[in-house]
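Protein chains: 2
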Amino acid sequence: MPVQTPSRVPALRNIATRLRIDSVLSTTEAGSGHPSTCCSAAEIMAALFFSEMRYDPRDPANEDNDRFVLSKGHAAPILYAAWAEAGIIRREDLLTLRRLDSDLEGHPTPRLPWVDVATGSLGQGLCAGVGIALNARRIASEYRTYVLLGDGETAEGSVWEAAHVAAHNKLDSLCAITDVNGLGQSQPSVWDHDMDAYASRWTAFGWHAIVVDGHDLPAVLDGLAEARRTKGRPTMLLASTVKGKGISLIEGKSGWHGKPLKKGEELDKALAELKAQVVPEDEPAPAPEKPVGRKRPAPQPARLDPPSYKLGDSVATREAYGTALARIGAADARIVALDADVKNSTFSDRFEQQHPDRFYQSFIAEQVMVGAAMGLAARGAIPFPSTFAAFLARAYDFIRMAAISNTNIKLAGSHAGVSIGEDGPSQMALEDLAMMRAQPNFTVLYPCDAVSTDRLIERAAYHRGPVYMRTSRPKTAVIYGPEETFEIGGLKVLRQSGADVATVIGAGVTVFEALKAYDQLKTEGISIRVVDLYCLQPIDAAALTACAEATKGRLITVEDHYPGGGIGDAVASAVASRGFTVLRLAVPEIPRSGTPEQLLDHYGISARHIVGAVKKP
Amino acid sequence: MPVQTPSRVPALRNIATRLRIDSVLSTTEAGSGHPSTCCSAAEIMAALFFSEMRYDPRDPANEDNDRFVLSKGHAAPILYAAWAEAGIIRREDLLTLRRLDSDLEGHPTPRLPWVDVATGSLGQGLCAGVGIALNARRIASEYRTYVLLGDGETAEGSVWEAAHVAAHNKLDSLCAITDVNGLGQSQPSVWDHDMDAYASRWTAFGWHAIVVDGHDLPAVLDGLAEARRTKGRPTMLLASTVKGKGISLIEGKSGWHGKPLKKGEELDKALAELKAQVVPEDEPAPAPEKPVGRKRPAPQPARLDPPSYKLGDSVATREAYGTALARIGAADARIVALDADVKNSTFSDRFEQQHPDRFYQSFIAEQVMVGAAMGLAARGAIPFPSTFAAFLARAYDFIRMAAISNTNIKLAGSHAGVSIGEDGPSQMALEDLAMMRAQPNFTVLYPCDAVSTDRLIERAAYHRGPVYMRTSRPKTAVIYGPEETFEIGGLKVLRQSGADVATVIGAGVTVFEALKAYDQLKTEGISIRVVDLYCLQPIDAAALTACAEATKGRLITVEDHYPGGGIGDAVASAVASRGFTVLRLAVPEIPRSGTPEQLLDHYGISARHIVGAVKKP
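Taken in sequence, the protein lines are chains E and G.
Positions in the first sequence are counted from 1; adding 144 to them yields our numbering.
Positions in the second sequence are counted from 1; adding 144 to them yields our numbering.
One chain only, chain E, in its complex shape:
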């Protein structure tokens, strides 16, 4: 029961052949790239882009376009070739592949308007696809989401996180295709062409699995049609293919991963072979069908009133986070939240209670939580994925790719540092600031009280680009009035005088240790400047420099974080050209269980240690 009239198949076959030719030409011209990986997917790409998918090639911004994610990002040349075939880019531009002056990079990035998320780190595309499909539901669009995976990458656990969440959410608008060409980079992939092994896994994870010959165009078209008809669960089309298909030199052979054909005989022979595969066409190639779109009102976020906290209230920043998230969710329908089964600890359950339709549960699976957030962000949502900050390490490769995509996600990590106490080091994030700060386009926020948390959530939401907010477990005093303003790239000087002998820079829980140290030192007649560095990146270098100049060039940082890559490094980097001294108080070693107060003191970041550092000659 093919939906496609048979007469269009020859034209699609010729498109597949042209996609192969273009993939070979562009990689040979570049002198690097993965033509064999492209060739196995040529019929799949032809079927998707010129029969199955509904999109307007002239309007990448159309919210109702079907979406395509190339999870096997190293097949980028055939994606670019499909765009050329669809008239989205000029065919001659394909020959700029991998050049510094071209946006046609080695792996796709969202510098290109048809790319939602950067790929190239395998196993991520399906997670993004989950988010993109969830977004269709959010905006009530009929668009479908297609994700093309390689067989090798289905060894990545993240793929099975996505499998589970997609099935749980009954995402029948999601259709994944695995290009089972049987060859990994360095050796045959583990299941080779055992299609049953693939099918049983996907079925067990709640998907509809279809096995087809990936070079049999009518079979591929039928499979895609069957996927479209399948309701209540996502579909995985398992396409048995041959790597390098169409070129006898490389077809089905190991040792050709990531190798272009050499100019001269290799290339010429391959092109001749491919050209000989052109068949007579019954009908011209079909133009992509346009989506059935609908007008949607532009988002009109309401202005957020100041929070109702009072000075001296005792509120954990993690709790203020949940409250703020629920508040901003009421003001702007684009805000969504994602959890990994810790919503009652991060307080994101406050958002769920008020906005259950925009709250996505990933269960204990941080990679798909972040990956789905990336997909949601790519389609216009403003996602706040949150978990314990320690467990964001599980998703660090996704965070890395989120930076490469410059994606608009707002990560939040709670339970940072030794101040969580008794649960011990496995639950303590002590490297999260380093992780996030290492990504140059990430904004890194670390509020110390409920008011700054609340106000910075709003800043985060409307700052275009990736943001991380670190929150803390213990309750802390509200030290800012509700009308206080906070800026990305700002800091607050909390105490100062003309006689300050040093500047003490804290953030989060250590702000309160610094304030205690201030009080103690004051009784001894010693003045210090106290800074709340609520934004680590971008950092207010000018203000820090001014503080250092006013306090004898002495900066003391204190952080509930390991020394490497955190607040001390950020401050030192900001003032590096000035020759100030930076004394770092940080957690110097792997900590252990204890009470929060014991641990802050034991690891050298309590008020007592700050006093000692100030007095140190």
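No false leads were mixed into what you were given.
If several chains are the same, the list does not tell them apart, and a pair holds so long as it fits within one copy or across any two.
Under the rule of at most 25 Å between Cα atoms (straight-line distance), these lysine-lysine pairs were calculated in the DSS-like manner:
hint, residue 1, residue 2
1, 407, 619
2, 406, 619
3, 407, 419
4, 403, 619
5, 434, 375
If you are wondering where the hints come from, they were derived from the structure by calculation, not from laboratory data.
Small disclaimer: the values here were computed from a predicted structure and weren't measured.
Got chain E; can you put chain G on it based on the hints?
Below, chain G alone, put in the same frame as chain E:
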């Protein structure tokens, strides 16, 4: 066909009851912890520790002891209770749970001799279990490996990476148990008690799956016996349980995750209920059966001859890594290597060719690669897991836990930085130094040539603790003679004179840019000191300080890495108390595809930029 005589079951029942009582008492005394999570696992723990497992309670170092990994690390109190029951620790010590002066932390760590890897970040235990089981094969031991998982954590993709690798390796000495208590932290777990949903997944992944009532001791014993009889594949025992079992107040109830019982009525009533569950014993509780061990010769590593490189040879450090790994593998049988399908790029295939029985293929699954390495290291192997440095980000949570375990793994990451060229940012590690340096007990190595790579591999192998080595894709000149020595914590001053106007500090590919800059500046009559900072952590602060003092206090760092957390920060941190200036040249933004030379220059880390930095007033 139970292997256990029925008469021992009452005694095991009473052990289960005592384990519940101790879990309740210790968490109440601590004021925090997870008694309900312990109670669901009590029969499983009693069956494992007092019937199934063969171990010598007085000899944790016995290589042939059966191994147990508590993947659901928050059930630590019941593990400690089982040790008390077995006479490994004193029962009264259980009441020191979670105290700063106790090794009985909130989640288990290898500070305790019976713990192989720290757990508490869910989804990691089975990966370690794979490595521990692979190690049994390596040392030809009959020991079996048991891993207890929670149901919620099987949403983690890492669990399915382990599932796949265990099945691929036919690890029939591995028996995992899932405590399916149906309740996550914040809500019912996704499959609740749908045991078929679990069984079909494990079966599809190639495991033998057995479903039992986890509170029916004979059934649990039978299941474990069936696992022992199962050959050619690992077994997953799916135990249907009730969270909080045995205590009516909390049994099967949401909202009791991570909450101890309150002293007073809550505790008293629970204890009374539990004590009422004690049954008459037919026979005394069985003592654990001791393992059938055998004497093994102590490892006798051969001394490694200097490598055969000649000055001026052109060899990529990634290639020198593979060569060195194969060399040291020949000298020491404890050396093993793990790959994630990039062995022909990292050159770990050189090790595989010479030592195929000690080479473990994870396919494209970095989490299990690192997790299995942690398990292997815990049992005496010296594992070198390697992949592209960028993809180690995928395993960062494992790396974090490896630091907490102070595990003896030797990570290597190739293809670092923009110097990889055309493949683009998804393949470029630009935050790996920050990642690794953030872990305070990690040694971080970054050799620039083949000789230093070779010699540092030997240093890494015999340094006790976690090590990371960063290697590069491009070929670089051999600049050190084969007899040159390199130390952890060292650096090399490559150029110096009495008239140096600045110290330029590079590592890896930027050493060569610094040397080029030296040559250019020399023609203009300007001298600089050039440092090869081959070890970033620990860092030679004294030598850097001496360099700075000798070069007008001017330090210039140049690194193929983002600015945050890398070489610039490491150097600045090392000299922070001295008031020197540190000028950082680093990749300031998300890069794109291009040739290596173009990219080094475009992103400001080429010789030209170093010359500019030196001349800058």
